[in-house]
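Enquirer: Sequence:
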Amino acid sequence: EACGIVTETGSKVKTVKPGDRVVFELAKGACLKCKVCKTGHYELCPSKTPPGWASQGVYAEYTVQPEFCVHKVSKAIPGKVAAMAEPIAICVYGCLLRGGIQKNDLTVIYGMGSIGLFTLITLLDAGIKNIVCISPTRNGRQRLELARELGAHHIIEAEKDVVQEILALNKGWKADCVIDCSGSPQAINQGVNLVRKGGKFIALGIASQNPIPFEYNT
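The numbering used here puts the first residue of the sequence shown at 550, with every later residue one more than the last.
Derived by calculation from the structure, the hints in this document are not laboratory data. Ideal placement from N, C-alpha and C gives every residue a C-beta, glycine not left out. A portion of the hints provided could be inaccurate.
[To be verified] Below, computed lysine-lysine pairings styled on DSSO-like, alpha-carbon distance capped at 27 Å:
id, residue 1, residue 2
1, Lys-587, Lys-577
2, Lys-723, Lys-746
3, Lys-746, Lys-652
[To be verified] What follows is a list of derived Cβ distance ranges for each label pair:
id, residue 1, residue 2, range
4, Lys-584, Glu-610, 36 to 44 Å
5, Leu-593, Asn-653, 29 to 37 Å
6, Ser-604, Leu-716, 40 to 48 Å
7, Gly-721, Leu-593, 34 to 42 Å
8, Val-565, Gly-721, 49 to 57 Å
9, Gly-662, Glu-557, 33 to 41 Å
10, Gly-589, Glu-714, 35 to 43 Å
11, Ile-755, Lys-584, 21 to 29 Å
12, Val-565, Leu-716, 47 to 55 Å
13, Gly-662, Pro-599, 17 to 25 Å
Assemble the whole structure, with the sequences as input and the hints as a guide.
Expert: Pasting the structure below:
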């Protein structure tokens with residue numbers, strides 16, 4: 550994720566010009582021709598080479614990005630804020646647009662790293678009324694306390710009996726929605742089991758291993 554100033558453009562570029570302040574999507578290399586791209590989901594293209602993963606990252610002085618990934622931003626927005634456009638977009642799209650979380654859903658967030666905290670901010674801004682944040686405390690309580698400070702309605706240490714805590718909070722029901730932002734196999738397994746029948750499980754985190762076993766008939 551980055552914010553930068555356009556210094557040079559190719560001859561066919563029309564939407565930005567040198568001097569424009571921009572952010573960009575991480576879909577560099579998407580073919581725009583395959584079945585996935587034609588559905589509009591070029592971010593899932595198997596050919597993409599996102600910066601920092603499969604192509605040059607943005608700690609370099611310059612980076613080359615395709616026009617379809619680049620978006621202009623106001624110069625009034627501080628660079629360190631504009632650079633967060635991409636992760637915030639992930640949370641908005643995954644939770645609100647595609648996930649369709651409702652205001653009264655008891656929603657559990659696993660993992661209070663950057664994406665977990667951005668997810669919390671996104672849900673609070675959308676008016677979600679009952680958000681539970683879960684994070685391990687083996688390295689301290691800083692992340693959980695920051696979640697509380699940002700407005701989480703409940704925080705739970707991952708080391709506790711999370712399922713029983715949720716049942717107690719939700720009048721004997723499991724969660725309406727679970728969002729994994731941790732990528733932890735243990736959290737994913739527990740989170741899938743924590744969703745009520747007919748509920749939603751939203752995967753925003755990048756898993757730390759593959760495959761991940763989980764309870765299927767829950």
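Enquirer: Checking against the hints above, which ones are violated?
Expert: none
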